[in-house]
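2 protein chains.
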Amino acid sequence: MKGIQMKNQRTLFDKIGEKLRLERIATEIRDMSMDNISKTKSGHPGGSLSVTDILTCLYFGRIYNGRKRQLEAVLNYDPCDPLWEGRDRVIMSKGHAAPALYATLARAGFFDCDVLKIYRKIDSPLEGHPAMFQVLKDGKDRGTRGVDFSTGSLGHGFSVAAGVALHAKIYGYDYDVYTILGDGELQEGMPWEACMTIANKGLTRLCAFVDYNHLQVDGSVDEINQLEPLDKKFKAFNWEVKVIDGHDYYQILDVLAYFKLKRSARTKPLMVIANTTKGKGVPEIEGDFTYHALPLTLEQLERASKSFHERIEEIDEEMTKCSPDSVAVTDRVKRPSPVIQEDLREIISRNPSEEYNAPTATRIGYGNCLSRLGEYRRLYVLNADLEGACGTSNFCKKYPERAVNPSDRRSINLGVQECNMMSMAAGIASCGKVPVVNTFGIFSTGRAWEMVRQDISYPRLNVKIIGSHTGLALGEYGVSHQATEDVGVMRCLPNIVVIEPSDAIQADRLFEKVLLYDGPVYYRLGRNPTPLIYVNGNDFGVEPVLDFEIGKGVLLKEGEDWTIIASGPVLCEALKVAQMARESIQVIDMPTIEPVDEALIVKAAMKTKRIATVQDHYKNGGLNDAVLRAIAKHRLHVEFRSIALSGFGESGSPKDLYEKYGLSASKIMEQLGLTPK
Amino acid sequence: MKGIQMKNQRTLFDKIGEKLRLERIATEIRDMSMDNISKTKSGHPGGSLSVTDILTCLYFGRIYNGRKRQLEAVLNYDPCDPLWEGRDRVIMSKGHAAPALYATLARAGFFDCDVLKIYRKIDSPLEGHPAMFQVLKDGKDRGTRGVDFSTGSLGHGFSVAAGVALHAKIYGYDYDVYTILGDGELQEGMPWEACMTIANKGLTRLCAFVDYNHLQVDGSVDEINQLEPLDKKFKAFNWEVKVIDGHDYYQILDVLAYFKLKRSARTKPLMVIANTTKGKGVPEIEGDFTYHALPLTLEQLERASKSFHERIEEIDEEMTKCSPDSVAVTDRVKRPSPVIQEDLREIISRNPSEEYNAPTATRIGYGNCLSRLGEYRRLYVLNADLEGACGTSNFCKKYPERAVNPSDRRSINLGVQECNMMSMAAGIASCGKVPVVNTFGIFSTGRAWEMVRQDISYPRLNVKIIGSHTGLALGEYGVSHQATEDVGVMRCLPNIVVIEPSDAIQADRLFEKVLLYDGPVYYRLGRNPTPLIYVNGNDFGVEPVLDFEIGKGVLLKEGEDWTIIASGPVLCEALKVAQMARESIQVIDMPTIEPVDEALIVKAAMKTKRIATVQDHYKNGGLNDAVLRAIAKHRLHVEFRSIALSGFGESGSPKDLYEKYGLSASKIMEQLGLTPK
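Chains A and B, in that order, give the protein sequences.
Letter by letter, the first sequence follows residues 2 to 678 of the numbering used here.
Letter by letter, the second sequence follows residues 2 to 678 of the numbering used here.
These are calculated hints, taken from the structure and not from any lab test.
All clues stand as given, with none of them false.
Listed next, the in silico BS3-like pairs over lysine-lysine satisfying Cα-Cα at most 30 Å (straight line):
(1) K261(B) with K170(B)
(2) K141(B) with K668(A)
(3) K634(A) with K553(A)
(4) K243(A) with K236(B)
Modelling step: build the complete structure from the supplied sequences, incorporating the hints.
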């Protein structure tokens, strides 16, 4: 970093007054962000001030390209086209510094500075923590123009950035990814997952900054749970590390010039540990952790603002001595982005589903669909050390991580990193691709619940979340691996469609629809082979239909006395009940648990007056509750019974477990008071 | 490690045939574990074999104490008293190696070797993944004798071990804690949280082993997401690191002797990177990742077993040349444990609640209770950088992490580490103390959901989980921080009581009951001051009662036309409705959402025939669903309405948000079709 390039850069910058130009902008940003925090009486001044100079250099900084003898903007963006696919991305992992980011974006022209005044107010585009900018199908938009991803929950942004950088590498985009981490969030484990992955997967167009102000909410990072030796940590995670003064524009620009110009020589991603001062620029709060989330009083604000304005006047005076026009400046150029033209419907029609003859696990049905539609280029498959277990092996063999042709590298195995995987997928989806995240249901819905919530459900991103090995039916693995709450915790999240196919054929066919659907889906699958239902000559004497739709149940068998509604392979037990009972039993397959098929429930209620649900799931949160809500909503007067688990299971064979925990056909009969034929 | 001590140890060991003795035991363990996996047709042979020698040295190894000239057992345990408080702990973080652990425990006398045959079978004490041994109140036990904590989900055990080690340090127990990590699980972030914390908090009586067999489910760790330089990583996290051959008994014993005998000289926890071979001892599967979870066939088993037995015969022959009795051996001694004698009821009666006069946040009411009952020595408070925000400051000032008197150090701040905090708390609870875990509701129930599930809900440990800053009522922070699904995701878990107090007084008083209750509780709290209800002269004209019980609702106001049930500060809006409406409205405060007070619901249904719930929570999963279940269960014919959120909120003032999202009194009136007076 101390080569001729940097020396030339600094000499030139001195001449043209670059430092003054940036300081002026940073001062404006500090002024605006303190103003909006204090006037809203809510927000995070300390960390906004510490990160301002880094943001200023990213959005307004320029580097000197000595070879071309010209100044080039650090960040490539177009404030008039905030969703331009080829833009460099900035993921603000420390989302609480939103005021600084908002002021920066306003100053950069993404929106009018007046908008800052409604920060954190109702109906404002400026949320308390950054909300990514999205244009919805109805043409309306939401979030903040210029915000590349929603953040606020610490530790996620690094993984999102990893996903966005991976997207560029796989799909051939020419953009860089920057992320800004707080020091406190490095106490979280999740950033170390990202840290490991970014280096190991060679995502060298990612540059991370640590805004190392040494203070967190409750006090000093060094006292609470310290990070030193931080540079050695990152080095041991195989990053190139630069330690700089995060308030020295030249040091920041030097490191950015190094990142951009020495790209081809670099084999590691770049971590910049930027030593900063919390509250920087407002002397009376500098280094005081209590101002993490405490706005300046209006008196403090007035003093700060006065000092900012005085400094701006001084700068303007000093600037008259510089010659800012003495060097060539290149404009930001909108680099072209790759174009993928393909028609998923056409791909589906060209690749019909295979025939199924024998009992097959639903995970295998899903995996077959994934593989046969693999040519769909937007499809990207993520695994966390359960590639085979989740049924994705065929896809991953066709499109391996180390394929010769880079554009074929449409799968990745991250090892045991469910949280990082989920947020990386969200990053990929934010770029318009269709990531499919694979792991056991307990981990996809549980370990990574908060990642699904913040990074997928909230921005409603098109991520397909696979939960394999679910239910008591998993058998021998035992409680730690039997997901029996997964439907419930996913149903608690807005915007997520929850589907549990009931046999391998449905798992295969319905996944076509899942891919055609634009939005997040949780797809619940089983490990063990289960009987085929949707095949001629099935064991249950029911007529197979093969036209599955999201949100639609299937009336498999008509009856008069009871309607049993089930989803997933436990449906087989319900179908057996219909064969075994003297009573006339109607059976509905309800693969889409959320949103449930209310019309079909209403119809069934009218007919049989008695409804029971059967679920391989804990009593709370599953299909049972979805049906109950529909009953209440439509004010249906029915007798209702729920067959479900009343607690955790244990290890054992699926058959033994179903018998012991009341999910076998005979136990269902007992619980409903039915009489054998 | 190469000092005289170790040399003497090895010389002695050669003489007495210690290596042969251990190898014989390890061979028996390998034989038993392969046998039970293959006969159950399920389990993880590869990782069981790689870890066997480490387990053997822990449970059967002895070290030579040169100063005392005697052999001492590595691990202090009593197979006849598996819950002895003073025992050294072994947390098997890589729980899938259960077969090796089970065979080790059986061999050590915790239970009969015949029990191994029912591994993973129904009604067996040997779960697929280890389940901790517990004696229940009815005298029955569950789990496996000798298993110190339930594991199976990777990455948790390290944090649990940290909690168990912290417990010893705070409460003055004289035990060591060992944990065995897989290499794959180091790809997870959570172990790095524990890694940082254990070193920074000086938990030097913890010794961790990495069973570094370089293979994971899908293949080579080095190819999937590699860990090197692993020693440098741990060193950068401030651990002392030893790299050994994990199949060389002398190297393992040397490191254990170092850990035990050089304790006072050590300032860092000890990490042992044990290079091992997956499948070690069964040549035909050694180094083959496909045998991660694939049992040996019966033919393979026969060959392996034959070779084990041949080796045992050889060893017995070789042993005849040694003189095992030529050195003094100390017996394991049951060191005394500290005794805490205290009566929480008496502490409560001596420390009455303060008076409340003005609107107060429920988090403050809770914090007051925590602080006034602080002398309860079993109480231990954990924070994750939100100590002040969660209302725990007073407690933490009285019992600070750095108190002069070690036994007063009953709080800890881990920084931003919710997952690690939750599992550490579980570790502390497993030792019989009452940890209270504090963070925002979105993190305690969401970020750490899977830790709550595996480490608290499943073993039903006595952890109190605080969720502060919940609901839309949080206001300006916005969606990333507004927990509006927390009740739902906790209700999806068995064994957890979910409570949301409705004002500060109730939050204070009811927390006494929470502490008296032996089991996990989720306690939902609000950030902002809200009106007092349980005070004379309240704004709502209702009579305060102060005798709150877990599981009991409070009929605050009688009425004829509608019953509105609510919990939390949104209850104030329901009470306002009762004041504003021309109709006669009955209002029930339902602080315990799970298990809900069914009797009170039945009574209300009989009376008003119309029930509505109001919740500051997403429509699915909250109080609404709990009440609906009760209605269905008791077959109540009522008109039911749910007032709840239909999606995520946004930033804004709590008042504006309640108005916009339908939770204000006037909006509730509208939704229920009530007429103003």
